[in-house]
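Student: All chains, please: the whole structure from these sequences, using the hints.
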Amino acid sequence: MNAARTLSWIRRGVLCAAAGLVLYGWRRFDVVTLPEGARSPLFGIHPGDRLLIDRHAEPGTEEEDWLYRDAAGALLLARTKAAPPGHATLGPDELWLEFEREVPGLSDSRTSGPVARAALAGRVVFVLPRAPP
Numbered sequence: 010m011n012a013a014r015t016l017s018w019i020r021r022g023v024l025c026a027a028a029g030l031v032l033y034g035w036r037r038f039d040v041v042t043l044p045e046g047a048r049s050p051l052f053g054i055h056p057g058d059r060l061l062i063d064r065h066a067e068p069g070t071e072e073e074d075w076l077y078r079d080a081a082g083a084l085l086l087a088r089t090k091a092a093p094p095g096h097a098t099l100g101p102d103e104l105w106l107e108f109e110r111e112v113p114g115l116s117d118s119r120t121s122g123p124v125a126r127a128a129l130a131g132r133v134v135f136v137l138p139r140a141p142p
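Everything in the sequence shown is counted per the working numbering, starting at 10 for the first residue and increasing by one.
Because the hints were derived from the structure by calculation, they are not lab data.
Small disclaimer: the values here were computed from a predicted structure and weren't measured.
Yeah, the Cβ is synthetic: ideal placement off N, Cα and C, and Gly gets one too.
Do not take every clue at face value.
Label pairs and their computed distance ranges (CB to CB) [claimed, not checked]:
hint, residue 1, residue 2, range
1, G95, D63, 29 to 35 angstroms
2, N11, A127, 53 to 59 angstroms
3, G53, A127, 24 to 30 angstroms
4, G46, A26, 39 to 45 angstroms
5, P44, E67, 23 to 29 angstroms
6, G100, V31, 33 to 39 angstroms
7, W18, T98, 52 to 58 angstroms
Tutor: Rendered as structure tokens:
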């Protein structure tokens, strides 16, 4: 093979790999913007911030931020914690999710109990703060 043909194959390989990475990212991740009028139950995350969400993450450790759907179908943002003493052991498909601050009208695992893994929308991977006004 001559050098031009080799470079052509290398370029094609790089383009295919880049396209594969883009498709993988598009399938696995999502970007969610918190509405301007919302009030985040987690410190450090504010209305207008954009959240990079891993839709296929598996719950692992405590102190992970998650988006999940409550019984009414609303998307909520909470952090994984250990279940408090005296509470029944969590099942294999349950998580204990808590807010860091109280939000009127919303309840976390302290009042509603454990959250099923099926209700998880995704783990927050990265927070991109909103641009200053």
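Student: Starting from the range 23 to 29 angstroms, see whether the pair P44 and E67 falls in it by beta-carbon distance.
Tutor: About 28 angstroms separates the Cβ atoms of P44 and E67, which means 23 to 29 angstroms holds.
Student: Can you let me know if the beta-carbon spacing of W18 and T98 is within 52 to 58 angstroms?
Tutor: With a Cβ separation near 56 angstroms, W18 and T98 satisfy 52 to 58 angstroms, so the hint holds.
Student: With respect to the beta-carbon atoms only, verify the hint that G53 and A127 lie 24 to 30 angstroms apart.
Tutor: 27 angstroms, holds
Student: Look at the Cβ atoms of G100 and V31 and judge whether their distance stays inside 33 to 39 angstroms.
Tutor: 37 angstroms, holds
Student: Given a hint of 53 to 59 angstroms, does the C-beta separation of N11 and A127 actually sit inside it?
Tutor: 56 angstroms, holds
Student: Against the range 29 to 35 angstroms, how does the distance between the Cβ atoms of G95 and D63 compare: consistent or not?
Tutor: 32 angstroms, holds
Student: Do the Cβ positions of G46 and A26 conform to the proposed distance bound of 39 to 45 angstroms?
Tutor: 42 angstroms, holds
No hint from the list above goes unmet by this structure.
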